[in-house]
Amino acid sequence: MPDPLFVFIAALTLGACCLLVASRNPVTSAMGMILALVGIAAEFFLLDAYFLGVLQVLVYAGAVMVLFLFIIMLLDVQPPGGAYPWKRALAGGAAFLLLSAAAFALLAPEGSLAKAAGPTPPELAANPESYATAAKAFGRSLYTKYMLPLQMAGLLLLLALVGVVTLAKAPKSAD
Amino acid sequence: MEALLLDLLRSPELPYVAARGLVLIGAVMTIAGYSVLLERKASAWIQGRVGPNRTTTPFLAWIPLLGSFLRLGGFIQPAADGGKFLFKEDPIPAHVNKPYYVLAPVIALAPALAVLAMIPLSALPDGTPLALCPGADVGVLLMFAVSSLGVYGIALGGWASNSKFPFLGAVRGSAQLISYELAMGLSVLPVFLLTSAPGVDDGLNLATIVAGQEGMWNIVRQPLAALVFLVCIFAETNRHPFDMPESETDLVGGFHTEYGAFKFGLFFVAEYGHMVIGSSLFILMFLGGWQLPFVETAAWGALGTVAGLAIFGAKLAAFLFFFVWVRWTIPRFRYDQVMRLGWNVLLPLAVANLVLTFLVLAVAG
Amino acid sequence: MTHALAALDAFKSAAPQAGDWASILPEILVAGLGVFALLQALTLPASGRWLIPAVARVGLLLAGFLAYQAGESEGARFGGLLQQDASTHLWRQLFLLCALLTSLVGGRFFRQRGADEAEFHHILLLVTASLMMLAQSSHVVTFFVALETATVGLYVLCGFLRRSAASLEAGVRYLVAGGLSSALLLMGFVLLHGVAGMHLPKGADPLQFASIAAALLGHGGEPLALVGAALVLAGLGFKLGAFPFHGWVPDVYQGAPTPTTALLATASKSAGVVGLVLVVSGPLAPLAAKLSPVLAVLAGGSLLAGNLAALGSSDTKRALALSGVSHAGFLLAGIAGLVTLRSQEGVFGAADIALPIVLAYLLAYVLGTFATMGALAALPAESDERRPLVALRGLIRRSPSLAAGLTLGIGSLAGIPPSIGFFAKVLILWVLVSAEAWTLLALAVVSVAVSIHYYFSIIREATVRTAPDGEVPPRIPLLDRALPLGLGILTVLLGLGSLIKAALG
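Chains as they are written, first to last, in this note's numbering: chain A, 1 to 175; chain B, 1 to 365; chain C, 1 to 505.
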């Protein structure tokens, strides 16, 4: 029997995702996405991955989605008119459910369900380095093994920054 | 007795958790109410007025001396204010987006309450922090993360009001909040650097940070970080001189213009909640938390816990007074000045301070 | 204190060593130049801004020399994040060549249109550096970060002429398509990681290519692994612009500024190829028998879809974009042949030279594309995104050198002997023969025949048809005329050279 808290949060996250996909109001979609991101963070907490959960909230829910919402509000995107296509939405949802159920039945390896529902395997709990969830272990592997991708990600951010400035700055008035 | 207290503090059983929640809400409402009183009395004092001194109740007023003290000091005023919020008619304007209009105050208050539960107030005799909901080893980050969700309350409230001035207030306010979050996050990194020396394993835990200030407060070691952080918490709480979302002279009432009664009250409590959070973080990270210089409260056992609580409370009260003092002393910034200060002054300062700390640690360590 | 010092020592020994950094010196140089371009833009006066492209080009040449010097150095770097071998250095040089040519084509193009050269070079150089990293990555994290950095840069370059609605639209379209493909790729890797994590012994890194391959060796038949592999292929197929993921190609190529189109067509496609080669010969190698029919379908579909769509196009850029899809088909056919040959355990060692053949095809494609796109970029046009075939009419009178460059470049793309494009196509066909992929071979031959039709309609407009009367010959600077012509002549010379070499050897 899985943790009831897990079931509750998972249902909440899935519901928020449905809201994100099915809503015609962009603000509602954004709110659904925020809720889904927070729900995923909560699942990280249940897995004892506190640091990842915090980062998830800090980066996605707390920063990225604020900008999304901000822009949706500023652009004042109006929901499309006309009746809501209930039939299409329901058909799509049902097809997706069937497909994912089939995929799950097909893909989930033997015994993985029982494993997922059970407690943390002792070999993982005993070796915190391989199960790096604490901030310090995270930082350690980031600055040793993953030093190179870290530097590359830095360049990626610089590139994105320059790109955004290039695309967004006011045109020169001279030409 | 002691076992019951510990259970109340630690037990994961539902009744205890519910009790903790009630204690939290009661405490926050009380603190918010008396912060308002502090605000009104202090502003009156600064402006040479008297401030609230009329509200009274039967029975209490009949007690000689104490009754008139309570009345003149305005101590019954918060209860009257709260009662008024509760019993007023709660209108919902016709032009608003109803679900979000109702949701916004809740979204504004919930993160503040969640963070308030994580603040460690003192150290228990066994050395663990005294908090309703002690955070993991990433306590500070968690608090930053959750409190940053408060911006949705402002953004949604202004947007759902479907009205010009609230919307302007919401846009301004959310832009200000996300701008100052950067400088705020960067400004405290040097503190973590100082705390997380090699061998310290939970350097992001507020209790560890407080313990690391034994002997010397971080405000002495990191004055620049403290200054930047201080300015940023003013901006993050939307307090004067950064009250862009409200700014009653140009935006009527800002993002909560269309709100009244209890919904407005929730926004109000959230603002004071954020004030308490900001003050507590500053006290914990820069002012030594529940410690006093040259006083070894940790050695006093249970008495030390109480003393720590008192020290923390005193510091908090002083800091809240400081908030009010600034509000009635410094004029409001213009919006472009707010943005310039955040991006062109505080952010570079925070980065420079961080690099400086790196260099000092690399050379000295 | 000793505990702290021991921790510090452990940290230092786990961090990358100096030798690791030295092995990626060309990449560091290129990325450093990219940052330096920004510094130059900050400090140089307006009269000294010509230095920015000059420094960048010299630096690119230097990096190419360093990559050439690295020659045969092999081995795992950065604790298995990177894996260098002889082909690594060839890929590096190919990407550097693309960057150099893009810089030459794009410099004046962007200056004329009021876009900033410093930022253009900054983005171009960082994209190049990350593509070079991609070519040697042997770990999911490096692979993905490198690919993502390059893609983000290309989004910006697509929308670089931001006063043109078409350019911005191309940028947004590419952003959406690129985001989708990155998501597919990442999902695929996550599933593969899951399979590897379940079956690998403790201590193995389930994100490393070799470990994933080791895990798939015994458990490659698991549905989870197959879905993961399919998603990874789909993600890379998007980047490559291969059928059935080529929907974004025509609009983005057409709307993007012409130098960016050239870069997309060459560097980005090469990135797709190198990514695909790395993946099919690394983590997915145990699945070769299952992969080769899939790759063959992708290749055949791209050949058909690209060529048939290009037949109906009346815009030069669009036709070239769609022909790019069919070139992707050729490259995929080469990779499919490579995978098949490998799974058959080497007939005459054919698998070993299949990779150099793919590289040679890319080189021919790069030269031909830059000759053509360079000529297009040099031609004045009302709007860069609309270059109808008719606008080329009588180019031979207006600018003989451009017409010659365009014709030679297209000749190479079409595979007319004696250009290098011809030999490249023949070599790919040879790989297909060795792999006994007869259907694919037939499709490739048919597609060459079809492609000649639209390639020749471009050449006919430029050379045979006469210009409308009263057209004033445009004044085009020497460099812009010389570059396409030089590249065009180079395709012929290289073709003749390889002919002579084949005849002698």
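Derived from the structure by calculation, the hints contain no laboratory data.
Being a predicted model, the structure only gives us computed values, none of them experimental.
Just so you know, even glycine gets a beta-carbon here, dropped at the ideal spot from N, CA and C.
It cannot be assumed that every hint is accurate.
Facing chain B, according to a computed beta carbon distance under 7 Å, are these residues of chain A, among others [unchecked claim]:
| # | residue |
| --- | --- |
| 1 | Ala-49 |
| 2 | Tyr-50 |
| 3 | Val-54 |
| 4 | Val-57 |
| 5 | Leu-58 |
| 6 | Tyr-60 |
| 7 | Gly-62 |
| 8 | Val-66 |
| 9 | Phe-68 |
| 10 | Leu-69 |
| 11 | Ile-71 |
| 12 | Lys-136 |
Task: Violations among the numbered hints - done: Violated: hints 1, 6, 9 and 11.
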